[in-house]
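Number of protein chains: 4
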Amino acid sequence: MNTKLTLEELRAFIAREFPQMADVYRVDAIAPMWARVSMMPDERHLRPGATVSGPVIFGLADCGMYFALLATIGPEALAVTTNGSIDFMRKPLPGRALIAEVTLLKVGRVLAVGDVAVRSEGADGMIARATLTYSIPPKK
Amino acid sequence: MNTKLTLEELRAFIAREFPQMADVYRVDAIAPMWARVSMMPDERHLRPGATVSGPVIFGLADCGMYFALLATIGPEALAVTTNGSIDFMRKPLPGRALIAEVTLLKVGRVLAVGDVAVRSEGADGMIARATLTYSIPPKK
Amino acid sequence: MNTKLTLEELRAFIAREFPQMADVYRVDAIAPMWARVSMMPDERHLRPGATVSGPVIFGLADCGMYFALLATIGPEALAVTTNGSIDFMRKPLPGRALIAEVTLLKVGRVLAVGDVAVRSEGADGMIARATLTYSIPPKK
Amino acid sequence: MNTKLTLEELRAFIAREFPQMADVYRVDAIAPMWARVSMMPDERHLRPGATVSGPVIFGLADCGMYFALLATIGPEALAVTTNGSIDFMRKPLPGRALIAEVTLLKVGRVLAVGDVAVRSEGADGMIARATLTYSIPPKK
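Residue numbers (full-length UniProt numbering), protein chains in the order written: chain Z, 1 to 140; chain G, 1 to 140; chain U, 1 to 140; chain X, 1 to 140.
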């Protein structure tokens, strides 16, 4: 099993179709049913106390899931998030990139389910764990 | 039962402590265990096709929950999100404000749980439903 | 808008197709996009300390969602749970029936989402809140 | 880091304190922050079509999480489930045991979060993935 897109093709697709996302999120690596996506939080993403806000972490997880799905099923599909569930467990380390490791657990006919672990770069404990479900529209 | 803060006190607190949030989110009304919070999506919040992205809606729900909790338990507590679960059900109507109605279901000693319904202004069907859990730190 | 089945038809369908469920769960009332389902916990459902276990409450919520969906879309559809999220907030009152109020938030082409509030009979505070997603198989 | 209980101590504790659970669930193996728990579905757990029902799978996940927590923090703590989220992805294989692998992601002062993967014995694809949060009561 291969990914439908190479890493370079995926990055080019994101830069062309989602330029605002390409500014924030970086696809580090992909493999079948898997992706690693990272972001460097800047002042826009911080809450008082220099903490990255929960929705920013959710956004990284959601985006990582989307990129893993694009790589796996190809860019033609216009998948949308139908359900997300996230547990926030530790504070991000200040000044470090956030790394999301995405594992697709199921890519079915109409639904795809993925598991995302978010960590600070170089740290072991998870900042957050999310499960995301995307709905895959019917082929025309 | 009253809220610990009046609407004016809550707005002043948010403007002082979270100026970036005060730019985006508006507390429309509060009552014990309840709040209505809205935002007008702008180009920063849109995905291609002029759709508001899922993480933006999650951010509104999370923020609404936080404001409802501030109003109910007072501003001294530094509550943080521990868990969130969200279902995305309909697309927001273009050009309309997003309205989050927050109902606190439980405010316990260590955990608070709230339910958030997000709609487009003037529309009936929910865009999204979220449940959020906040951890309340021990009193010092 | 009407339900596709009357309360009597729904009860007869459940008794015929799911006799074990009919022994445990009772449909009290239905309306379009809504149902109230109850159960009387017995010794099979209790944990030490005479508490009803979490999975029993999840089972009531899941079953209530299924019955509300049956009433709304009719009995031919073989819907299955794809996602569930539940918050446990209070202990059930001993010796009281558990009442689940189900509100369908969306019944789409492939997914149905419902919200379930579980209370002890005669009590105000929620024991648990659940959101359930069912997948609706394609019509043949 | 060791578990607070050996496998034999954990099994003895469960048999003494939760005899109904000991009849259904078997702890196969434990390690720090980890446990594998299994059950053999019988006719009580089946829905028409010989499918194991969602709440039975949720019950296995919840119970597996509880046993992993008992092994890790010791039996004195009376932890209770506060939140659960589960995705059902594949049907169990008929006639096979269900295996739950539990990984504790965080054991904090007041909350413990765990991740549970449920598979049919001998099969690769996950039947379900759950995340469970337990509240740990304050030490007296």
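Don't read these hints as lab results, they were simulated from the structure.
Check each hint, because a few of them may be wrong.
To be verified - Straight-line C-alpha distance at most 20 Å; calculated PhoX-like pairs for lysine-lysine: (1) Z/K106 / Z/K4; (2) G/K91 / U/K106; (3) G/K106 / G/K4; (4) X/K4 / X/K106; (5) U/K4 / U/K106; (6) G/K106 / U/K91; (7) X/K91 / Z/K106; (8) X/K106 / Z/K91.
As the list claims (entries may be wrong) - Some chain U residues well away from chain G (every beta-carbon gap over 12 Å; in silico): (9) Q20; (10) S53; (11) V80; (12) D87; (13) D115; (14) G125.
Small disclaimer: the values here were computed from a predicted structure and weren't measured.
We put the beta carbon where it would ideally sit given N, CA and C, even for glycine.
To see whether the hints hold, each was checked on the structure:
1. Our distance criterion of 20 Å between C-alpha atoms is met by Z/K106 and Z/K4, whose separation comes to about 16 Å.
2. Distance check on the hinted pair: G/K91 and U/K106 sit about 12 Å apart at the alpha-carbon level, within 20 Å; holds.
3. Taking the CA atoms of G/K106 and G/K4, the gap is near 16 Å; set against the 20 Å cutoff, the hint holds.
4. With a C-alpha separation of about 16 Å, the suggested pair X/K4 and X/K106 falls inside the 20 Å cut-off, and the hint holds.
5. The straight-line distance between the Cα atoms of U/K4 and U/K106 is roughly 16 Å, inside the 20 Å bound, and the hint therefore holds.
6. For the suggested pair G/K106 and U/K91, the alpha carbons sit about 12 Å apart, so the restraint of at most 20 Å is met.
7. Annotation: proposed proximity of X/K91 to Z/K106 holds, straight-line Cα distance about 12 Å (limit 20 Å).
8. Note on X/K106 and Z/K91: the hinted pairing holds, with a Cα-Cα distance of about 12 Å set against a maximum of 20 Å.
9. With a cut of 12 Å on Cβ distances, U/Q20 stays outside the contact zone with chain G, its closest approach being about 29 Å.
10. No beta-carbon of chain G is positioned within 12 Å of the beta-carbon of U/S53; the least distance is around 19 Å.
11. Look at U/V80: its CB is around 17 Å from the nearest CB on chain G, clear of 12 Å, so calling it non-interface holds up.
12. Not every C-beta of chain G lies more than 12 Å from that of U/D87, the closest at about 5 Å, which undercuts listing it as non-interface.
13. Look at U/D115: its CB is around 7 Å from the nearest CB on chain G, not clear of 12 Å, so calling it non-interface is violated.
14. Against chain G, the non-interface label of U/G125 is violated: not every CB pair exceeds 12 Å, the least being about 7 Å.
Hint check: violations occur at hints 12, 13, 14; the rest are consistent with the structure.
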